[in-house]
Amino acid sequence: MTAASRAAAPDWGRGRRRSGGRIVRGVVADRNGAVGALLLAAILALALAAVTGLLPHDPLGQQPADRLTGPSPAYWLGTDQFGRDIATRTFVGVAASLRVVVLAVAIAALTGTLAGVTAGFLGGHTDAVVGRAADVLFAFPAILLAMAVVTGLGRGWVNTAIAIAVVYTPIFVRVSRGPTLAVRHAEYVLAGRVLGFSRRRLLLRHVLPNVAAPVVVQVALSLSWAVLTESALSFLGLGTQPPDPSLGLMVADARTLLAPAPWTLLAPAAAIVVVVVGFNLLGDGLRSALDPTVGPR
Amino acid sequence: MLSVEHLVKDYRAAGGAGRVRAVDDVSFHLDAGSTLGIVGESGCGKSTTARLLVRLEEASSGRITLDGTDITHLAGRRLRSVRRRVQLVFQDPYASLNPRLTVGDALLEVLTVHRVGTGTAMRRSRVADLLDMVGLSLTLAGRYPHEMSGGQRQRVGIARALAVRPAVLVLDEPVSALDVSVRAEVMNLLCRLRDELGLTYVFISHDLAMVRHISDRIAVMYLGRLVEVGPWQAVSDAPLHPYTRALQAAVPVADPDAEAARAVSVVIGEVPDAAAPPPGCRFHPRCPIAEPRCGEEVPALVEQRTGHLAACHLVTHERRATVPGDTLSGDTLSGDTVAADQ
Amino acid sequence: MSAVLEVAELSTAILTATGARPVVRGVSFAVAAGETLAIVGESGSGKTLTALSVMGLLPDGARVTGGSVRLGDRDLLGLGARERRAVRGAELAMIYQDPTTALNPLMRVGAQVRETLRAHGRSAEAARGRTLEALDEVGLPNPERIARAFPHQLSGGMRQRVVIAIAVSTRPRLLIADEPTTALDVTVQQQILALVDRLRADHGMGVIWITHDLGVVARIAQRTLVMYAGRAVEVGRTADLYRAPQHPYTAGLLGSVPPARGTQRPPLAQIGGQPPDPGALPPGCPFRPRCPQARDRCAATEPPLLARPPQQAACWVPVPEWSRAC
Chain A
1 MTAASRAAAP DWGRGRRRSG GRIVRGVVAD RNGAVGALLL AAILALALAA VTGLLPHDPL
61 GQQPADRLTG PSPAYWLGTD QFGRDIATRT FVGVAASLRV VVLAVAIAAL TGTLAGVTAG
121 FLGGHTDAVV GRAADVLFAF PAILLAMAVV TGLGRGWVNT AIAIAVVYTP IFVRVSRGPT
181 LAVRHAEYVL AGRVLGFSRR RLLLRHVLPN VAAPVVVQVA LSLSWAVLTE SALSFLGLGT
241 QPPDPSLGLM VADARTLLAP APWTLLAPAA AIVVVVVGFN LLGDGLRSAL DPTVGPR
Chain B
1 MLSVEHLVKD YRAAGGAGRV RAVDDVSFHL DAGSTLGIVG ESGCGKSTTA RLLVRLEEAS
61 SGRITLDGTD ITHLAGRRLR SVRRRVQLVF QDPYASLNPR LTVGDALLEV LTVHRVGTGT
121 AMRRSRVADL LDMVGLSLTL AGRYPHEMSG GQRQRVGIAR ALAVRPAVLV LDEPVSALDV
181 SVRAEVMNLL CRLRDELGLT YVFISHDLAM VRHISDRIAV MYLGRLVEVG PWQAVSDAPL
241 HPYTRALQAA VPVADPDAEA ARAVSVVIGE VPDAAAPPPG CRFHPRCPIA EPRCGEEVPA
301 LVEQRTGHLA ACHLVTHERR ATVPGDTLSG DTLSGDTVAA DQ
Chain C
1 MSAVLEVAEL STAILTATGA RPVVRGVSFA VAAGETLAIV GESGSGKTLT ALSVMGLLPD
61 GARVTGGSVR LGDRDLLGLG ARERRAVRGA ELAMIYQDPT TALNPLMRVG AQVRETLRAH
121 GRSAEAARGR TLEALDEVGL PNPERIARAF PHQLSGGMRQ RVVIAIAVST RPRLLIADEP
181 TTALDVTVQQ QILALVDRLR ADHGMGVIWI THDLGVVARI AQRTLVMYAG RAVEVGRTAD
241 LYRAPQHPYT AGLLGSVPPA RGTQRPPLAQ IGGQPPDPGA LPPGCPFRPR CPQARDRCAA
301 TEPPLLARPP QQAACWVPVP EWSRAC
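Protein chains in written order, with my numbering: chain A, 1 to 297; chain B, 1 to 342; chain C, 1 to 326.
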């Protein structure tokens, strides 16, 4: 026994772990990540306020007297053709979009990553089947595939989410399978085998954490694209149904009102841009925050 | 202690058809506390042998025995107990450490899996012991691999292998990826650990000088086969097999006077493709003293002197005929053709 | 013998967000016609960046910050990009560590040799003839067939020969070899060493051989320059430098190599510690923190290359004053 070991059991600093706090700090330290997080936080706060009724107007309340009024102190972003407050509807629409999108990406990320990591780790026939299935899904144009699924399942926000999830699952298969293949043959996984680690331990502790970074980044990017997909589905009448507010529907309605009331398009379009750009920048920030070779700054 | 008999490893050739024999009929024996050096060039099967010994690869045929127990095909719990006795140190310490685990956590994990000690406190102090054993400060326990130098990482790789208190350490090119001055440190560490812990080493390298420095016995491999095995000084300084001689002549020595005095002797060609090895003695197309029968008959690994084996028809013949003197000395080996073999 | 290349006070820095990191700090040396100079050092010593500075092929972010590189009567650092290109390949050539990545996988070998020759003004016909000559010169059998082959059809050693053929096809005055044998088997390394040595002797070509392998140096280099922390710490004839190193770092390096002969195998000499970060060099001699011979004066000023006959070394403490503690 050495002097060092006779001292109380040494601790090597839990603070140095890549905990949630460190990741958040890493994202904020990245300029893109900070801007993305800020944009998302702002619009999320407004959306929350809107759904909890903290905003002065009812998203469905029609005020025929105030139809198509421009922005004013009473209606910050104006009203639509039924005299409903556009600001409230936009933020409720953001909330509705996010609800669909978050569920969709959660399903896609879980099933896709599970399939991708399993395929990559096991290889052989499993890998061939999963890979072929993902290729087939990839072969369809995204919107067409989502439309087909919604048509099959029927309408409703959960079904919309499932439709989007189907479109995004192969992306997660691809993003997780490649790194798993690489990590599976990494020497530290071989070293684990020589040290007698179980497959479960190797998969959960050595493969997954090293595959997690691209998946997490992909989650942020997918959220961003899925907002567009959801808006497109609603625009086409396959997503959220009227009179519930939705960004896609609002854009669809605003189409015909562009000349007399341009503000009806401005608010939902800006909201889409903010959410999409926000998630994209957050993805960038996560990418640098999750790189283990970039030390704490 | 560790015994290998007629070990063979076949791989399916890239492209599907045919098989590549990476390790062909390799046999050797190791006494407890001794070091066997395995030296050879690319494609000689030395790394595959390492992987077979630690059961990362399944042998196609042959037997590996550890203390009298056949471990060639063990599985499950019994394989795990073998894992505690035979450990591997990799060439590239950066690739063999999980980038997301601190050094302390990586060592702690091994102790936890093998239930070494009871409780975290005891295991943590064992981690401190391990780091101390390989000459690392405890303050490094909180570091990630990318925050350390190459030499420090390789020490961690050694500490991790030692965590399960193995009897045998298979070292696969443990210093090849390191800087010159760091190699010396790691070599000294390995020698010290062997003496202190009574370890048995299989030291695998392409570097004859390193193998010579640490080994008790040296085995020379060429294209999957053992061509010479014997005491370190005999094999490195007075080799019998023409390939070992060529290897020894090719290794540049850090002594300008010795280099200037060295006769220009250049072995021709390169190691052939392992998928289509030459018939007979696999070295015969490059061998300066080959005879027709070398291309037909595979020479057996025969004891030429006490404890010194070589697989060469001509060496065996010479011994039988008891021709006096060493007719195979340097000058007969010289061939100044530089042409690559077609 | 006349010097082909004269490098004086060459300094190179890598420019980073946090400032310039000096990686080559005032290095001077000369290479004579028909001479091989080995530049020895460990990773991070600046040996490769010294060579790339001479070639004018520094990676992005690195820049020569001072000194001169004279090839014949011209200072290469004063030339424009176009003139520099004309010199490179024609008068200065380089071979690399990995022959696989140095060749274009989609081009036949012959076309790659011809390309260099054409770029330096040979007619198509002359280039064709010279290509076969060059392939023959580097010991490749059946040059016509090799010229039609793609790089992946050749073995590692043959690929390195092709790279050498490209380099010497224009009969350069100086060849810079950046560890061209580290990726090769030792029996093939021996052939490549012999080949370059023959080309040097036959054509009076100067050679700079960059390596960390002290055995390779002993085999091929007439003179040796040892680099540490971006500085030349010792220069001299290889035989003198190995027999009686005048810098503790050189002595440490030589002591860390296992002897090739003898019945005794004592522990190897260790230098201990790590090379300094080029961005945060210690005051005084950069080797001082690791040096077994360090004295108080070593902390004050960084020693320049001092005469230590028959070679030169950047050390304040002459060998007779060294302690024999280790």
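Quick caveat, the hints were computed from the structure, so don't treat them as lab data.
Check before you lean on any hint, since a few could be wrong.
[As the list claims (entries may be wrong)] Taking CB as the label site, the calculated pair distances span:
no., chain 1, residue 1, chain 2, residue 2, range
1, B, E196, C, R297, 35 to 45 Å
2, C, R265, B, R305, 54 to 64 Å
3, B, S60, C, A119, 46 to 56 Å
4, B, S137, A, L114, 36 to 46 Å
5, B, S137, A, L204, 22 to 32 Å
A virtual CB, placed ideally from N, CA and C, is assigned to each residue, including glycine.
Hints, verified against the model:
With their beta carbons about 40 Å apart, B:E196 and C:R297 fall inside the hinted range of 35 to 45 Å. At about 21 Å, the beta-carbon gap between C:R265 and B:R305 misses the expected band of 54 to 64 Å. At roughly 52 Å, the beta carbons of B:S60 and C:A119 sit within the given window of 46 to 56 Å. Between B:S137 and A:L114 the Cβ separation comes to about 42 Å, which falls inside the hinted range of 36 to 46 Å.
Hint check: B:S137 to A:L204, Cβ distance near 31 Å, so the stated range 22 to 32 Å holds.
Violated hint: 2 only; the structure is consistent with all others.
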